[in-house]
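Residue numbers (my numbering), protein chains in the order written: chain Y, 147 to 485; chain R, 147 to 485.
Just so you know, the hints here were simulated from the structure itself, not pulled from any lab data. There could be a bad hint or two in this list.
Unchecked claim - Calculated lysine-lysine pairs in the PhoX-like style (CA-CA distance at most 20 Å, straight line):
| id | chain 1 | residue 1 | chain 2 | residue 2 |
| --- | --- | --- | --- | --- |
| 1 | R | K297 | Y | K297 |
| 2 | R | K335 | Y | K159 |
| 3 | R | K216 | Y | K197 |
| 4 | Y | K214 | R | K216 |
| 5 | Y | K216 | R | K214 |
Claimed, not checked - Listed next, with one range per pair, are the computed distances between beta-carbon atoms:
| id | chain 1 | residue 1 | chain 2 | residue 2 | range |
| --- | --- | --- | --- | --- | --- |
| 6 | Y | Q483 | R | K214 | 53 to 61 Å |
| 7 | R | H199 | Y | N313 | 19 to 27 Å |
| 8 | R | H200 | Y | A365 | 48 to 56 Å |
| 9 | R | K297 | Y | R417 | 36 to 44 Å |
| 10 | R | E459 | Y | R250 | 52 to 60 Å |
| 11 | Y | R250 | R | E198 | 34 to 42 Å |
Each residue gets a CB set at the ideal place from its N, CA and C atoms; glycine is no exception.
2 protein chains.
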Amino acid sequence: MSKGICLASTQLKLSDLAKLAGVSTSTASRALNDNPLIKKETRERIQALAKEHHFSINAAASRLRMQKTKVIAVIINLEAETKQSVDDPFLLKVVSDINRAVNRQGYELLLSNSHMAGEDWHGYFISGRRADGVIVVGQGKEQAKIELAAKAGTPIVVWGDPKTSANYPIVGSDNFVGGLTATEHLIAKGASKLLFMGDPAHAELGERYRGFCHGVEKADVTAKLVRIDITSEAAYASINTLLRENGLTFDGIFACSDMVALGALKALKERYVSVPNDVKIIGFDDIAMAQISFPALTTIKQDTHAAAQLLVEKLLIQLSGKMCESQEVPSSLLIRQSS
Amino acid sequence: MSKGICLASTQLKLSDLAKLAGVSTSTASRALNDNPLIKKETRERIQALAKEHHFSINAAASRLRMQKTKVIAVIINLEAETKQSVDDPFLLKVVSDINRAVNRQGYELLLSNSHMAGEDWHGYFISGRRADGVIVVGQGKEQAKIELAAKAGTPIVVWGDPKTSANYPIVGSDNFVGGLTATEHLIAKGASKLLFMGDPAHAELGERYRGFCHGVEKADVTAKLVRIDITSEAAYASINTLLRENGLTFDGIFACSDMVALGALKALKERYVSVPNDVKIIGFDDIAMAQISFPALTTIKQDTHAAAQLLVEKLLIQLSGKMCESQEVPSSLLIRQSS
DNA sequence: AACACCATTGCAAACGTTTGCATTAAGATC
DNA sequence: GATCTTAATGCAAACGTTTGCAATGGTGTT
Numbered sequence: 147m148s149k150g151i152c153l154a155s156t157q158l159k160l161s162d163l164a165k166l167a168g169v170s171t172s173t174a175s176r177a178l179n180d181n182p183l184i185k186k187e188t189r190e191r192i193q194a195l196a197k198e199h200h201f202s203i204n205a206a207a208s209r210l211r212m213q214k215t216k217v218i219a220v221i222i223n224l225e226a227e228t229k230q231s232v233d234d235p236f237l238l239k240v241v242s243d244i245n246r247a248v249n250r251q252g253y254e255l256l257l258s259n260s261h262m263a264g265e266d267w268h269g270y271f272i273s274g275r276r277a278d279g280v281i282v283v284g285q286g287k288e289q290a291k292i293e294l295a296a297k298a299g300t301p302i303v304v305w306g307d308p309k310t311s312a313n314y315p316i317v318g319s320d321n322f323v324g325g326l327t328a329t330e331h332l333i334a335k336g337a338s339k340l341l342f343m344g345d346p347a348h349a350e351l352g353e354r355y356r357g358f359c360h361g362v363e364k365a366d367v368t369a370k371l372v373r374i375d376i377t378s379e380a381a382y383a384s385i386n387t388l389l390r391e392n393g394l395t396f397d398g399i400f401a402c403s404d405m406v407a408l409g410a411l412k413a414l415k416e417r418y419v420s421v422p423n424d425v426k427i428i429g430f431d432d433i434a435m436a437q438i439s440f441p442a443l444t445t446i447k448q449d450t451h452a453a454a455q456l457l458v459e460k461l462l463i464q465l466s467g468k469m470c471e472s473q474e475v476p477s478s479l480l481i482r483q484s485s
Numbered sequence: 147m148s149k150g151i152c153l154a155s156t157q158l159k160l161s162d163l164a165k166l167a168g169v170s171t172s173t174a175s176r177a178l179n180d181n182p183l184i185k186k187e188t189r190e191r192i193q194a195l196a197k198e199h200h201f202s203i204n205a206a207a208s209r210l211r212m213q214k215t216k217v218i219a220v221i222i223n224l225e226a227e228t229k230q231s232v233d234d235p236f237l238l239k240v241v242s243d244i245n246r247a248v249n250r251q252g253y254e255l256l257l258s259n260s261h262m263a264g265e266d267w268h269g270y271f272i273s274g275r276r277a278d279g280v281i282v283v284g285q286g287k288e289q290a291k292i293e294l295a296a297k298a299g300t301p302i303v304v305w306g307d308p309k310t311s312a313n314y315p316i317v318g319s320d321n322f323v324g325g326l327t328a329t330e331h332l333i334a335k336g337a338s339k340l341l342f343m344g345d346p347a348h349a350e351l352g353e354r355y356r357g358f359c360h361g362v363e364k365a366d367v368t369a370k371l372v373r374i375d376i377t378s379e380a381a382y383a384s385i386n387t388l389l390r391e392n393g394l395t396f397d398g399i400f401a402c403s404d405m406v407a408l409g410a411l412k413a414l415k416e417r418y419v420s421v422p423n424d425v426k427i428i429g430f431d432d433i434a435m436a437q438i439s440f441p442a443l444t445t446i447k448q449d450t451h452a453a454a455q456l457l458v459e460k461l462l463i464q465l466s467g468k469m470c471e472s473q474e475v476p477s478s479l480l481i482r483q484s485s
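Generate coordinates for the entire structure from the input sequences, incorporating the hints supplied.
If you want it as C-alpha cells, here you go:
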C-alpha cells in the first residue's frame, strides 16, 4: 500500500498551534485573544501562524469554559389562532434587522420559533447554554411563556407593545400615536366614514385602535370596527362582503397592517371603487410592497432598524446584569397616493 | 442581615441530577438519552426527575464531547453589486422554509450572512464547531467562497441553479423549464413583442433567459432583453424610461422575479397601459404579494417548501459521509389576471 | 459446585479551551 | 552584590458531558 495523502488533516487544536509556535497553550490562547500580558511581537507571530494554518478556536470548548455563548436566540412567536404565518413580510423584515444588529455587536443569531423551543425557554436556551439571551418577535398571546422565562432569569427582550406592563422590557412602535396620526390624516384628507380593520385583542393593534378611537372622537366622523384576522386574505374577503351586502358605506380605511391594507385595496379596485377618490386608505408597517402597490400605499412606517438596534442593546444591558425598561420607537407618516 | 433567598439556584448539572436520583453520572446521561442499556424504569424515573427540576443538558459540554453540534448554519449570500437586500421577500421565505425543515430534523438554525461569516467558512463554522453543515441561500457571484468551503470538506448545499456544475450539490427550480413555460404562456395569450427583464449574468436568471429565448425561437415573435438589477425599483424606472422614450413597443413581459414584475406593473398602470389587455405580464417566485396585486400576478411558482426539505436532506446525507448531487425541483405555472 | 452469560450500573478518561497562580529572567534600587 | 520589581510565560485545574471498559449480581447450564 502506498502512503495515503492526508487531505483533510486532523483538526488543528490550540495546543498544536502552540507547539508549532514553540510556546505553551496558555500563551497561544492569550495571544489569540490579544491579551496584553503577552509580548506584542509574540502575539502577532502567533496570530499570523493561526491565519496561515486556517486555525479557528473550537467554540464548543470555549463556550464550556467561558460559560457564555456569544449567541442570541430569536424566537418568532406566532399565535396558533391567527393565520399570520412566518412568511409575514413584516416579521421577516424585523428578523432581518435584528440579525444585522446582533452581528454588529459580535453575536450570532440562533433562529427559532415557538414550536421548536418548547415550553421551557429558560431551560432550553439559557440552562442549555445555547444562547446568552433571547429576543422574542411578536408578543402574541403566549405571554405566559415569556413571563415564565423572564421570571426564571432569562435575559429577554420582546418586540411588541411597549405600553403593556410586564416583567420584561418591550420595544415597539408608539402604536397609539401611530394610530392617531393615521386617523387624523384620513380625516384631514376629507374622510368621514371610517373603518378600522384588524383585531384589537392583539396588544399592538389594540393600541392602534385606541389611537383610532381617540382621533375619531375629536372629529365629527363615524367609525366602525371590522374585526378580522390580520392577513390580506381576510381583509380582501371582508371588504368584498361589506361592499356586496351594504354597498359603499365608508370613505376611509385604517388598516392595522400593510398586508391588510393591500388586501382591502385589491377588493376595492376589483369593484371599481376609486382609491383615493372614493375611499382613502392607510396601512401600517411600510413593508417593501407599500410603495410598489398601485396606488402606492400611504402608511405609518415602523422604524424596525432603530427598534432592532434597541432590542439588542437592551439585551446586552441585561447580560451585563443591569435592568432596563420598555421603550417606544417613533413611527412616521408616509404619505403616498392611496390617501 | 437576613438570609437571602436563593432565587435562581446555581445551575443544576448532570452529576447533581444523578446524585438526586441516587445513581452515577453515566447512568443519568444514558437515561436521558434513552439508552436501552439502562433499565426502563430507571430511565423513566430519571427523566421524570429531570422534568421536575427543569434540568437541561449543557449543550456546550455535550458538543465538545460529541464533536458535533446539531446545528446547521444558513448563509444568506448576497452579492455586493446588486441592491437586492436581505429584505427580499423571496429570500426570506426560503429561509423560513429552511428553518422549518431544519427543525423537523431536530437541528437548530444559525442564521448568518456573507459579511459575518468572513472568508473562511470552513474554519469559522466547521472547525470552529459552530455548525455541522452549511446551507447557502443564493449562489451569487461569491462562488469562490462556496467552492473553497466545499473543497475543505464542509458539508454544504446551495440554493441556486442546479445546472451549474460545481463541487457541491445545488438545489433549485428548473429555471429553464420555468422560463420556457412562462414564455409559451405569454405567447399563447397572444403576446408577440416580448420583454425579458432581469440580469442573465446571474446563474438562475441566465437559465430562465435561456428558456425564454428557446420559447421565442420556436414562435414567430420578437424579443428584447432589458438588463436590470433585480429590484422592483429598477424595473419601475426601466419601464418608465422605455415608455417615455419609445412608447409602447411591447405587449408581453417576462419578469425574472415577482418583485421585478410588480415594479413594472406599477409603471404600466401609472401610464394607463392596461394589463393584461395591452401588455401581459408574468413573474417568477410566487411571493405572497403576487396574489394580492391588482391585477393578480401570473407567475411561475417556485416550490420553496419542497426545496427546503431537499436542501436539508441532502445536507444530512453529506453529514453521514455520503455524496449527493444537484437536483431540480419542478416549478409550476400559476395563471392569474395579469396575463 | 463451578462456570458462563446477561442485564445493569459505575469508574475514569477525554473533548479543547481559559485563567489563577507559580515561575523565570532581567533590570532597577539600595 | 543582595533584594525588589516588573514583564513574560508556563503549569494545571476546571468547565459538564459521553462512552469504553470494568465491575457487580443474578440466572441458567453442565
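Right, here's what the structure says about each hint:
Among the hinted pairs, K297(R) with K297(Y) is inconsistent with the structure: their alpha-carbon atoms are about 47 Å apart, more than 20 Å. Straight-line distance between C-alpha atoms of K335(R) and K159(Y) comes to about 64 Å, which puts the hinted pair past the 20 Å bound. Simply put, K216(R) and K197(Y) have alpha-carbon atoms about 27 Å apart, too far for the 20 Å limit, and the pair is violated. Taking the CA atoms of K214(Y) and K216(R), the gap is near 18 Å; set against the 20 Å cutoff, the hint holds.
Distance hint between K216(Y) and K214(R) is fulfilled; the C-alpha atoms sit about 18 Å from each other, no more than 20 Å. Judged by the Cβ atoms, the range 53 to 61 Å given for Q483(Y) and K214(R) holds: they are separated by roughly 54 Å. Range check, H199(R) to N313(Y): Cβ separation about 23 Å, and the 19 to 27 Å hint holds. Checking the proposed 48 to 56 Å range against H200(R) and A365(Y) shows it holds: the Cβ atoms sit about 53 Å from each other.
About 59 Å separates the C-beta atoms of K297(R) and R417(Y), a value inconsistent with the hinted range of 36 to 44 Å. Hint check: E459(R) to R250(Y), Cβ distance near 34 Å, so the stated range 52 to 60 Å is violated. Distance hint check: the CB atoms of R250(Y) and E198(R) are about 41 Å apart, consistent with the given range 34 to 42 Å.
Violated hints for the displayed structure, listed by number in ascending order: 1, 2, 3, 9, 10.
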